[in-house]
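**Q** First to last, the sequence lines map onto chains A and B. Note that this note's numbering has the first sequence beginning at 1, numbered continuously upward. Note that this note's numbering has the second sequence beginning at 365, numbered continuously upward.
Read the hints as simulated data drawn from the structure, not as lab findings. Careful, some of the hints might be misleading.
[Stated by the list, open to error] Covered, in the sense of this in silico footprint (three residues per stretch, anywhere, with C-beta under 8 Å from a C-beta of chain A), are these stretches of chain B:
{"no.": "1", "region": "543-556"}
{"no.": "2", "region": "608-620"}
{"no.": "3", "region": "727-738"}
Bear in mind the structure is a predicted one, so any value in this text is a computation, not a measurement. We treat Cβ as the ideally placed atom computed from N, Cα and C, and that holds for glycine.
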Amino acid sequence: MESVRKIIHIDMDAFFASVEQRDNPQLKGKPVIVGGNPKGRGVVAACSYEARRYGVRSAMPCSKAYRLCPAAVFVRPRLDRYREVSLEIMSIFQQYTDLIEPLSLDEAFLDVTENKKQNPSASRLAHEICRRIFEQTALTASAGVSGNKFLAKVSSDINKPNGITIITPEQAEPFLDKLPVGKFFGVGKVTEQKMNQLGIKNGLHLRQFSREDLAFHFGKSGSFFYDIVRGIDNRPVEPSRERKSIGNETTFQEDIIEMEMINSVLESLARRVGATLSRKECYGLTLTLKVRYFDFSTITRSITVQTPIRTGEHIMHYLARLLPETEIGRKSVRLLGLSVSKLYMLEEMLPYQLPLPFPDFDLY
Amino acid sequence: MALKCAVSKNDLMEGLNNLQNITNKRGTTLAILSNVLITTSGSALILTGTDLEVGLKLSVPAEIYEEGTITLPSKKLFEIVRESGSDVVNIEETDNSWVGITAGKSKYNLAGMSSDEFPEFPEYDEEGFNRFESFIFLELIDKVIFSIANEQENVYSLTAVLFEKEKRDGVNYLKMISSDGHRLSIMEKEVAFDIDQLQISDITLIPKKGIQELKKFCEGRDAIEISFEEKQLIIRDHDSVMVIRLKKGEFPRYQAIVDAVALENCVKINRIPFLESLKRINLFTEDIFHTIQLQIENDRMILSSQNADIGDAKDEQSISYPGEPMVVGFNCRYFIETLQVMECETVEAYINSNSSPCLMKAKEDQGFISIIMPMQL
Chain A
1 MESVRKIIHI
11 DMDAFFASVE
21 QRDNPQLKGK
31 PVIVGGNPKG
41 RGVVAACSYE
51 ARRYGVRSAM
61 PCSKAYRLCP
71 AAVFVRPRLD
81 RYREVSLEIM
91 SIFQQYTDLI
101 EPLSLDEAFL
111 DVTENKKQNP
121 SASRLAHEIC
131 RRIFEQTALT
141 ASAGVSGNKF
151 LAKVSSDINK
161 PNGITIITPE
171 QAEPFLDKLP
181 VGKFFGVGKV
191 TEQKMNQLGI
201 KNGLHLRQFS
211 REDLAFHFGK
221 SGSFFYDIVR
231 GIDNRPVEPS
241 RERKSIGNET
251 TFQEDIIEME
261 MINSVLESLA
271 RRVGATLSRK
281 ECYGLTLTLK
291 VRYFDFSTIT
301 RSITVQTPIR
311 TGEHIMHYLA
321 RLLPETEIGR
331 KSVRLLGLSV
341 SKLYMLEEML
351 PYQLPLPFPD
361 FDLY
Chain B
365 MALKCAVSKN
375 DLMEGLNNLQ
385 NITNKRGTTL
395 AILSNVLITT
405 SGSALILTGT
415 DLEVGLKLSV
425 PAEIYEEGTI
435 TLPSKKLFEI
445 VRESGSDVVN
455 IEETDNSWVG
465 ITAGKSKYNL
475 AGMSSDEFPE
485 FPEYDEEGFN
495 RFESFIFLEL
505 IDKVIFSIAN
515 EQENVYSLTA
525 VLFEKEKRDG
535 VNYLKMISSD
545 GHRLSIMEKE
555 VAFDIDQLQI
565 SDITLIPKKG
575 IQELKKFCEG
585 RDAIEISFEE
595 KQLIIRDHDS
605 VMVIRLKKGE
615 FPRYQAIVDA
625 VALENCVKIN
635 RIPFLESLKR
645 INLFTEDIFH
655 TIQLQIENDR
665 MILSSQNADI
675 GDAKDEQSIS
685 YPGEPMVVGF
695 NCRYFIETLQ
705 VMECETVEAY
715 INSNSSPCLM
725 KAKEDQGFIS
735 IIMPMQL
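Could you build all of it, start to finish, from the sequences and the hints given here?
**A** Spelled out as structure tokens, the structure:
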């Protein structure tokens, strides 16, 4: 067994909305929704705790949020501003450790097993970091402290907002016993449903299954579930975590069903993703198509191939194999997304056969 | 009417042999496509095979006792005829699409299928054929066939040969171009024939399978008649007819690449010794890319390769090269395949950098250009 690690997960409280409330004091104490037009089709990117009281949640359609809370102030997201604040917060982390793994603008893992303050108490460090964030930015954060990433992350959620939760190794099992499976890392809606069908509702149920059984039902993830429900998660905090996928998606003004429209949207998405791939000088081996139908049911279909996917043409080529696996053309669609994953850098594929530079033909 | 005939073993074997590639296509979904259609016409048997891309109809002299039509498994029939110990093979339809075959003392009962299910041979216009000497097409094909992309290799329409005609300074040329995306082969032949009479569309793509069959058709014939229709190419010689379905699609503007290669930095090298050296070095390349390194200096070229499992190899060739020394990586196979179809003594290779196209040609190989992209080492 590895030596005990000390991991902190810091999660800013209602980050985008809090930044808006801080920058614009008139919004303080009011339900604030950061997202699209309340009458339009965008989704809620973030909402203040005042808005949450009305049942508003992230990723909910703005129109629904508006119905739930007509008094809410709708604010357009200002990503540049959030990025700026995020950098400020990350620089606070850097005073404690270099092992920082940002998950998004408002979330990060810190490995403080060894830290620049020579402080052996991770919980004290967590308190100090949250206090520093508040002093410097007037924003509150919640923190989870534990021996691995999974436990740290679930615990930061427990005393949210503005709270710190520590899970010691002894507390891990009783805590996980009660934890609903949906909260386990890697358990999405589909897996959760499947687990429920198997009678797995919480960690206690999950622990009854052998590694082989879980692998049988959930493939590679099964083995991972077997470990994390025992509080075992050896994933390191990876500071320079590479981008795992490159993608683009678009929500339509109105649901569309015409193939012609859909094709032209997919083509432009493919072109954009292809352009990003070439800008980043990388290629991928997996293409994923995401479709959200008019009724919000969302599916993804993927294909993994041997030849590098590098351009919009490549994406369109493989996309033709994914489309028949969807109900596109028969069911109205409100969102389409494309992403390429299993990314590699071009220079990793040396020796590499160069393509002929046909002016009108992007071959590889 | 039940087919009954006698036919020379050698004639029938040759006819069936020519149909084997077409009728033995792997993964075919229609069972009847593995059969050869046999009909009678005057004092001949007409053998027809098709894979729906290429259709071939051949005539074999025969003594016809009773006219009829039937389809028989092409491969099995070919094997029977090939192994038969007699000069004459007798075929007689018995009942329910069965035939009795006798060759000397050997007797076979072979199950066939009714000819009703056999696809119709494509219709074509009897007019509009032009006569060519076969060697023109043979030479065009030989110089480009090796660089056609394989089906699984490519997602674009490079799995076909581009066929073009061109009139320059009053001279008529026929051209074939192929590319697998990494290399490009161009061959043109001067023809003493007014190409204005040849009706072809701007982009005429002959699929790889069609090219292979066209090559076979030309071999052993002095002249062929050719007619291009919108969707198909018809080749004829007396009673033999081949119809090749043309491929739809685009072909890249290959001339742009030819024009982009500066004809300056020229390596001159003896073709045969170079080819032999490449074959030696290729013994130590890795399987997929066959990567070799060419270290080019003023009077010599050092070829080298390495294979993680086997070891490494090095060879040296004298060259004439006035430019700056350089190191370039290539797929060894690409060079070998190009040099193999050339006929010259000294080949000129224009290599401008380790990432720009390398163009090869020679005075004796008139009309031929090969372009190969390097590998990034």
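**Q** If a hint holds in the structure, say so; if it doesn't, say that too.
**A** Status of the hints after comparison with the structure:
no.	hint	verdict
1	543-556	holds (count 5)
2	608-620	holds (count 5)
3	727-738	holds (count 3)
In this structure, every one of the numbered hints holds.
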